[in-house]
Amino acid sequence: MIANRRSGFDRAVLALLCVLAFAWMLPLLWVLALSFKPNDFLLSRTDAFLGGPTTFANYLNIFQTSLVFRWVANSAVVAILQTMGVLVLSSLAGYGFARTEFPGRRIVFALVIFGLAIPGQSVFVPLHRLFSHWGLQNTYAGLVLPGLAAPFGVYLMTQYFRAIPAELEEAAMLDNASRLKTFLRVILPLSLPAQATLAIFTFLASWNDYLWPLVIATKPDMYTLTRGLASTQTNFAQSEGLGFLMAQAVFAGLPVLVVYMFFQKHLVRAVAGTGTRSRGDK
Amino acid sequence: MLRRLLLAAAAGACVAVAGCGPTKAADAGGAGAGPVEIDLMRFFGSCESDYGTNTDPSRAVGECGILTSLINEFNAQNKGRIVVNTQVAEWGPYYDQLNARLVAGDVPAVAVMHESMLGDYVRRKLVEPLDAGFAQAGIATSDFTDHARRGVVQDGHVWALPFDTWSWLWHFNMGLMKQAGLATADGKPVLPHSPDELLAQARQFRKATGKPYFAWAAANEPSANARTFLTLVYQQDGHVFAPDGRSIDVHTPEVRKALDLMQTLYDEGDVKPGQDYPGANQSFLNGEVGTLIVGTWTIGQFMTEAKKPDSALHAGYQVTPFPQLFARPAIFADGHSWVLMKGGSPDPRQRAAALALMRFLWDHDGDWARTGHLPTRKSIATSAAFQALPFRRDLAEITSTGVSIQSNVGTQRSVENLIGEEVGNMIVSHKAREKGLHDLEKRVNAQLRRNHH
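Residue numbers (our numbering), protein chains in the order written: chain C, 7 to 288; chain L, 297 to 749.
Simulated from the structure, these hints should not be mistaken for lab results.
Fair warning: this is a prediction, and the values are worked out from it, not measured in the lab.
Incorrect hints may appear among the rest.
[What the hints assert, rightly or not] Ranges of calculated distance between the beta carbons of each label pair, as one might list FRET restraints:
| no. | chain 1 | residue 1 | chain 2 | residue 2 | range |
| --- | --- | --- | --- | --- | --- |
| 1 | C | Trp30 | L | Asp545 | 23 to 31 Å |
| 2 | C | Val264 | L | Asn582 | 36 to 44 Å |
| 3 | C | Phe130 | L | Asp451 | 29 to 37 Å |
| 4 | C | Gln70 | L | Ala684 | 49 to 57 Å |
| 5 | C | Met31 | L | Arg689 | 50 to 58 Å |
Every residue gets a Cβ at the ideal spot worked out from N, C-alpha and C, and that includes glycine.
With the hints as constraints, model all of the structure from the sequences given.
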């Protein structure tokens, strides 16, 4: 009797989740459907999901933009370098805060955490002036470096390292391993789930970033994909070029989808693990 | 597995970037015998796939198509001498990107600029005066239309090449207008000549068709509210800005009359509610309203729609300037212009090339007018070729009746948005009139004060 009631409850929850998931997916499906409609058709009809004419012209237009693969490559370089840089810096800083003692550690950590509360936009103008002054406009360094300051990454890794039992580290040190070796051989491998989470968040943020590339990359061949695709839109794209706009959204989102598909098990495991880690959970 | 994936992706990306080659810097040296390169920064989108190699503007349509073809033609005509590198930025954050380039010293030689933005760049000494350059290039400023002259001449100097005048029009669905008895025998709309006539016609239209007379982008598009509002104020010979451009005063009878009219139309159901820019256009194209208030740039699009047999506009599209409802013929207008950025063409050869490009664009102002925008040359506005284009004979009056916000008002786009937001709050959201007017003044004056600090 109880089992039946439970099973009915589970089915109801499942049905509710399906409805919510569909509601969440609906705008994405709409975007996908509109990306295959001619622009002039969408001038007067944006409610047609499956009806109406179908075209691949919007995607062809993207591929016929001469710099589009350059923009994809730029985005990939920036996102990968930024992800790698954030992983290295956040891991080192997180380990330092979690496992070492040095004067002012608490204050420095508080300052890093304070960085989480500062919106990126508020430091935008001075940051741009600084990078321009250094001659980094239209360079990969200019695109990548600001993203390496990642308070969230430091915070995440600090908390993760703190949760790793100190005995593991002590055992390695008893075997004459140096602190660096202990970090590289013992602690770092244990933090792979957190690294994967941080990598995905950083990669997505970097790939989708529009605002910083907007001002630091002003030569078309240094545009990132988000920036480049936006530059091709006509003045009233939301009305007269809607199909093209939607195709751009799908095209720009595909690599993100691929990355998520490859890394999702790490993401889920890490997010679940941060709340429920036990000594045996490696 | 993950490591291999990352490494492969990084390697692939690096190869791709390397394969694309290094950035080709603009030719800054004038001593070389090769072609001189200049950077041109603009919005209007990118349409390489359709017009990437087209050098005949007459075969192009739309802003992007015509401009791309014009630059292609210029490059072809000047092969071996001048290369214009077009750098396209999107319309929304265009000025943010231009400013970022100026800060970084990456200055384009020529840039497109709204005339409403020109004053800011002149005051900051970021653009070159062009009086001597135009004389040298053979651009006759005496041929500027009245509106173009008001847009680009400041403090007695010419600061930009006016390229077009764009303005605020009424687009009509003549099928519905006929149904409402608001069409003349020759198929033109019966236009109102006063606020009372407009209200009466709107009621007549609603009664006959069951549909609202108007659609305009009242939601999410503050500039549309501002342009209609300012047009109604200008038509009463009203002013909202102080002569020195440093403050705004909206506690005037002209402002109240303008708001009263807009409010009544909205409250009586003569404006389709809750429409943003694409929504208002869709309502018009689907025959849900009789009249759409929007700019010059949609004419070509609506004419194309009207040719389709299944269109609600089929064989029934008309467009007129915003009708004169008060004593003075006046319509909100702005224009696109081309500026020579200070420091963007440091070499005399580059400067000469930039002026040659401007002369070319000046010569082709008539081609550009096919977009729906109005010409900035009197000789073209009055030419038989221009007047023969659909509706242009009626629209040409805007080249003299167009009124812009005075040039000494800074950051006009922000100001226009602030005005539009508060007008929208009063009309659409029924914010109390006094509170709305107070907030409008407070917000705009704060913005204007910031401009002068």
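Hint check results:
no.: 1; hint: Trp30/C x Asp545/L: 23 to 31 Å; verdict: violated (49 Å)
no.: 2; hint: Val264/C x Asn582/L: 36 to 44 Å; verdict: holds (39 Å)
no.: 3; hint: Phe130/C x Asp451/L: 29 to 37 Å; verdict: holds (33 Å)
no.: 4; hint: Gln70/C x Ala684/L: 49 to 57 Å; verdict: violated (34 Å)
no.: 5; hint: Met31/C x Arg689/L: 50 to 58 Å; verdict: holds (52 Å)
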